[in-house]
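Numbering of the sequence shown is given in my numbering, commencing with residue 9 and proceeding in unit increments.
Derived from the structure by calculation, the hints contain no laboratory data.
Keep in mind that a hint or two might mislead.
Said to hold, decoys possible - Derived EDC-like pairs: lysine to aspartate or glutamate, alpha-carbon spacing no greater than 20 Å straight-line: (1) K169 x E153; (2) K133 x E274; (3) K305 x D264; (4) K295 x D310; (5) K295 x E274; (6) K227 x E73; (7) K133 x E193; (8) K309 x E137; (9) K133 x D310; (10) K217 x D296; (11) K227 x E254; (12) K295 x D279; (13) K133 x E120; (14) K309 x D296; (15) K169 x E137; (16) K177 x E280; (17) K295 x E181; (18) K177 x E120.
Stated by the list, open to error - Derived CB-CB ranges, DEER-like: (19) G142 x E181: 40 to 46 Å; (20) G212 x T237: 35 to 41 Å; (21) G122 x T263: 36 to 42 Å; (22) I209 x S173: 16 to 22 Å; (23) T258 x P141: 39 to 45 Å; (24) K169 x C307: 17 to 23 Å; (25) P287 x S144: 23 to 29 Å.
Owing to the predicted nature of the structure, the values given are computational and were not obtained by experimental measurement.
We put the beta carbon where it would ideally sit given N, CA and C, even for glycine.
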Amino acid sequence: MKPSHTIVTHINIKRVGIEDISVRARYCHKDTQWTNAKISIAFLILLISSVQTSATSIVIFRTPEEIVIAADSMSGLISLVSPTGAPTNTENDTCKITRTGNMFFASSGVSEDGATGFDPRITAKVATEIGEPGTSPLNTLMRFEAVYLPSLSAEAAFVRKTNPSIYQKQFIENGPSAIAFFGFESGSTFLHARGYQVVDIGTGNSSAKPVAAIDCPGKSNTCPTRPGTNITVIKLGVVAAILRYEAQHTFTPQTDLVDTAQRLVELEIADEPTSVGKPVDVLRVTKDGGCWVRHEKDCGKDIPYCSLSVSTPTPPKTSQPATPPKHKSRRKHPRKHPRKHRPQPNP
């Protein structure tokens, strides 16, 4: 008998679009039952991919005027085929934020797989390039999902066959993938993010489907903001340290989004140094386009660096000491009427 899965969420999946989602998965297999196996995806929590041993930590701040996104760079890849038949690990750094046409793309979870050609970043680029001029970002996302979901399902089936333990942990327990398209269009920033889940459909096959969504701009149920602000906060990947920080701090309209986004990712690096690593990339998107605020790697060269005026607020002008006014010299003007001559008395 194949294991059956019941996904119970704290929200109605048809009304997805809240910042934090908690999913409880129940696994039943013959007489053994696992309950309360809580998979916290903290909106879109996706820890480790089938070919990626390291976790991912990405934080996105969105307001109508700007988007700030920070991401770690560690990528530990598993080669499922090795001379000994056992998985081998290699480490490198990678850009988890990329440009796709006139917008940007970020992904967490299942990364590229050389054995199958699976790569969400390539899929996103193709979905952007094949679109007609003027195609909306949401339509681009729909084209992406039309290709990506079958590809993700095939990847899950491949990993399930080649390494069942990795499949169970990274596809079933942790969740396989989360993605985000974002940029600036029609006078406002836009952000479309999705979280995906893989379910077992029997006969050794799996099926991927979306389980969480954020669409900004939009209504409060699809584009939630922090109380008292216009800031939407999205977290992809490991979030334990971030959640502890948020429990003690609040976001205000005066929050420095660039510094805060970097600080949150650095908290995860300190908390999970073996799976989340430096350097931290920070990208800022405004009406003037996207640019790197902080970036230290060779990838991502098609994105310019921000000028100093973009990343650093202009210091206020200091008042100069008042200079005493100069005294104007009096000019002697000739009298309009000459002084009358007084006759001198005779001696």
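**Message:** Can you confirm whether the C-alpha distance between K309 and E137 stays at or below 20 Å?
**Reply:** OK: K309 and E137 at ~19 Å, within 20 Å.
**Asked** Are K305 and D264 close enough, with their CA atoms no more than 20 Å apart?
**Response** Violated, at about 24 Å.
**Asked** Quick one: are P287 and S144 within 23 to 29 Å, going by C-beta?
**Response** violated (34 Å)
**Prompt:** Straight-line Cα separation of K309 and D296 no greater than 20 Å?
**Reply:** holds (18 Å)
**T237 and G212 - C-beta distance against the hinted 35 to 41 Å** = For T237 against G212, whose Cβ atoms are near 48 Å apart, the range 35 to 41 Å is violated.
**Request:** Given the range 16 to 22 Å, decide if the beta-carbon distance of I209 to S173 lies inside it.
**Result:** Given about 20 Å between the Cβ atoms, the range holds.
**Prompt:** Between K133 and E120, is the straight-line Cα distance small enough, at 20 Å or below?
**Reply:** Within the cut-off at roughly 14 Å; holds.
**Asked** K169 and C307, beta-carbon distance inside 17 to 23 Å?
**Response** At 31 Å between Cβs, range violated.
**Prompt:** Taking only the CA atoms, is the gap from K217 to D296 under or equal to 20 Å?
**Reply:** Roughly 35 Å separates the two Cα atoms, so the pair is violated.
**Item:** Range agreement (Cβ of P141 with Cβ of T258, hint 39 to 45 Å)
**Value:** Between T258 and P141, where Cβ atoms are some 42 Å apart, the hint holds.
**Asked** Taken at face value, is the distance from the CA of E73 to the CA of K227 at most 20 Å?
**Response** holds (17 Å)
**Message:** Between the alpha carbons of K133 and D310, is the straight-line distance 20 Å or under?
**Reply:** holds (13 Å)
In the structure shown, a violation is registered for the earlier hints numbered 1, 2, 3, 5, 10, 11, 12, 15, 17, 20, 24, 25, in ascending order.
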